[in-house]
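Trainee: Chain by chain, the residues:
There are 2 protein chains.
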Amino acid sequence: MKILRSSQYDAIKSEILSRGDLDYKDINVTVEEIVKNVKENGDSAVLEYTAKFDGAELERMEVTAEEMERAWERTPESLKIALAEAAHSIRRFHERQKRNSFMDNTTKGKITGQLINPIEKVGIYVPGGKSPYPSTVLMNAIPAKVAGVEDLVMITPPGKTGEIMDNILAAAKIAGVDRIFKVGGAQGIAALAYGTQTIPKVYKITGPGNIYVALAKKQVYGIVDIDMIAGPSEILIIADDSANPRYIAADLLSQAEHDELASSLLITPSEKLAETVSKEVDIQLAELTKKEIAAKSLENYGRIIITEDLDEAIDLANDIAAEHLELMVAEPFLYVNSIKNAGAVFVGENTPEPLGDYYAGPNHTLPTNGTAKFSSPLSVDDFIKKTSVIYYSKEALKEVKDTILEISESEGLTAHSNSIRIRFEEEKL
Amino acid sequence: MKILRSSQYDAIKSEILSRGDLDYKDINVTVEEIVKNVKENGDSAVLEYTAKFDGAELERMEVTAEEMERAWERTPESLKIALAEAAHSIRRFHERQKRNSFMDNTTKGKITGQLINPIEKVGIYVPGGKSPYPSTVLMNAIPAKVAGVEDLVMITPPGKTGEIMDNILAAAKIAGVDRIFKVGGAQGIAALAYGTQTIPKVYKITGPGNIYVALAKKQVYGIVDIDMIAGPSEILIIADDSANPRYIAADLLSQAEHDELASSLLITPSEKLAETVSKEVDIQLAELTKKEIAAKSLENYGRIIITEDLDEAIDLANDIAAEHLELMVAEPFLYVNSIKNAGAVFVGENTPEPLGDYYAGPNHTLPTNGTAKFSSPLSVDDFIKKTSVIYYSKEALKEVKDTILEISESEGLTAHSNSIRIRFEEEKL
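Heads up: the protein sequence lines correspond to chains V and W, in order. Under the UniProt record's numbering, the letters of the first sequence match residues 1 to 429, in that order. Under the UniProt record's numbering, the letters of the second sequence match residues 1 to 429, in that order.
If you are wondering where the hints come from, they were derived from the structure by calculation, not from laboratory data. These numbers were taken from a predicted model, which means no experiment stands behind them. Be aware that one or more of the hints could be misleading.
No copy is singled out in the list; a pair is fine if it fits within one copy or between any two copies.
[As the list claims (entries may be wrong)] Straight line, CA to CA, 27 Å or less: simulated DSS-like cross-link-like pairs of lysine-lysine:
#1 Lys173 <-> Lys291
#2 Lys25 <-> Lys340
#3 Lys272 <-> Lys394
#4 Lys398 <-> Lys290
#5 Lys39 <-> Lys2
#6 Lys39 <-> Lys13
#7 Lys290 <-> Lys160
#8 Lys130 <-> Lys108
#9 Lys401 <-> Lys25
#10 Lys201 <-> Lys401
#11 Lys108 <-> Lys160
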């Protein structure tokens, strides 16, 4: 891995951020056509695209109870147990995110409150392909169900034979997904946003996907809500001399294998550690199944930055606002409160990032590419919505009416003033 | 007002929703040019546009302490007191929205938690014009400050003389805005998103604006976060025979005066009430300052819908998901929990919507055009972000490692597995 000094930080940062700069104009036009066609023609358009892009001629889009049963039978017992345990841990964490409606009850005749209701209909997108991710199903479906979403629909592209991978269906069963449809890509997103004869319209769509899925989500945003447009994955490790270089190398590689655009950074004040980690990465890289992807990712977006001290390392980390941040220093909890911008913080040398991907409980859908400065991990909050509630008695309204009229008149809105005044005129009807 | 039966509901709904369908392609191109120019040329581009669109040749964009002082002196004492009282009420409500970071502390050696941090830099947009809205300043700035935002920047377009209206500056002082810049339109949004020599880059932009502002916000979404793209205002009143038709008429008109695209609906099972309200609206309309706007809005998007009973009225209201919903029925609290989709619910006949616009406490920035099905009033939540935190001891990681490996191997990610395994191999270094 390239080792650089913190004085070169600005250049490194723009390289890393440039991953988000690709120009997708051509794909956008294609996606626009697909979305429009599905909006206008519903099922027939969806089926055409599924035949064209997934190579599957479907007679029925919805996964049947028999298909679910068969997939469940075929899933190895050990994987079912592992998924159920992970689901339990994820559910327990997300239960803590639930909020109550509240009411301000301090003054006679005045109630103001905030009601929490689940979003009624939600769609989750799960990518297909040869290595499907059951963890994606758990991380999207569980917070939705904890929030109380009643109609939870999942879509995922089928293989050429029209089947969905067993482990995806098993995860959906464990997570409590209500209905599953075999459709992917921009056509799937459009179907969820507008509804078709078969696929129900939802109010919000979450879940990762390829560039077609991402652009389709962006296009339907406003018609429905979306979670976020996830960028390529990234890890930032802050380490000092106390850290084990083999662990660091392994954790950097666990990001790098995801995607050629993934970014893996080590920031450390220790030159010695920098050198050792760099060598250890090369050793471990050679053994990986996805070594080509990992090597390319490290070449382009993997860097070791040497800082003056740990404080400078923390400052840089806050400016980068990484998706995953590992604190591998002697006293890691000393620095937890100094981290202002990050998706998730992994504290200490025995908290590798994959623990968070699969098991620990917090969501693995995290803000990428610097967006942790303003956005948050996927959570129960993403599947509820709030409604304000206000009640005033006539007495209470009378007390504040002059204050309201003073402001409404300064804004020149006479009908607003009138709506207050009329309640204190003599009744004429 | 037009009186229709609930059997015609579908047609009414598509009319109301069509308000969001305008085609802004030409404006979008203009906005793209403005955003690009400001991104590339900073202050000089901003100053040019301010001269061109606002007619103001500015020497200095930032409002000075002296200007603030002068505006404060010139603001009538009665308005200052009213704004301070409203600010107090708004602040008290939003304080209740603050959340604590949490930690799951149930198991030895395992900590998972959710940290809450304010977004560090936020920009709020306040429209200019001849009737500026100090309430917009309070409703955007107060939740940001309650959340703990340190750098709160406000932008608003200047008048031809280069001045900002006194009541806007007075409201900014009361709300605790840190810096104010005289810039509006798409150029203002671009300046906040990218930063210029003078105007600091922020991480999130909130606040209403005209179509140029709305499209610019949509374009920079992703670079920064935005609150929402607010559509035209709307009110939906559910009433029965017990309701006062004069109050209903006044409240319908208080929305209609906002904008020709505003929508005002009454849904009632009472034919008699429908007739009386319709006549009363005509009587009150004649007296309004903004009667042309209100009349046009009612003609296009004002409707009275007669339902079979109150339950049907509630069902329609949930399907419309109005920004403001007034419950003017004999037992209003009986129905509060039946309202699933609305921005804010105003309970009973003495809770007119302008009470919420200015004073009661809940935010007046609310989801419009049906988006209350998936989005929420502006709140403290919009000015914070969450970071997950995970800590496992070596013992704790050992307990769960086989579960993690089972899943990571089913996903084909060997570097993920390796990052767990390496922690349990004999140390080689």
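Trainee: Run every hint past the structure and note whether it holds.
Mentor: These are the hints, each one checked on the structure:
1. Lys173 <-> Lys291: Neither: 33 Å inside a chain and 58 Å across chains, both beyond 27 Å.
2. Lys25 <-> Lys340: neither (34 Å within a copy, 39 Å between copies)
3. Lys272 <-> Lys394: Between copies, since 25 Å is at most 27 Å while 74 Å is not.
4. Lys398 <-> Lys290: Intra 71 Å, inter 25 Å, cutoff 27 Å: inter-copy only.
5. Lys39 <-> Lys2: Intra 49 Å, inter 31 Å, cutoff 27 Å: neither.
6. Lys39 <-> Lys13: For Lys39 and Lys13, only the inter-copy Cα distance (18 Å) is at most 27 Å; the intra-copy one is 40 Å.
7. Lys290 <-> Lys160: Within. Shortest intra-copy distance 24 Å satisfies the 27 Å Cα cut-off; inter-copy 62 Å does not.
8. Lys130 <-> Lys108: neither (63 Å within a copy, 38 Å between copies)
9. Lys401 <-> Lys25: neither (54 Å within a copy, 44 Å between copies)
10. Lys201 <-> Lys401: neither (44 Å within a copy, 40 Å between copies)
11. Lys108 <-> Lys160: neither (66 Å within a copy, 47 Å between copies)
The structure is inconsistent with the numbered hints 1, 2, 5, 8, 9, 10, 11, although it conforms to all the rest.
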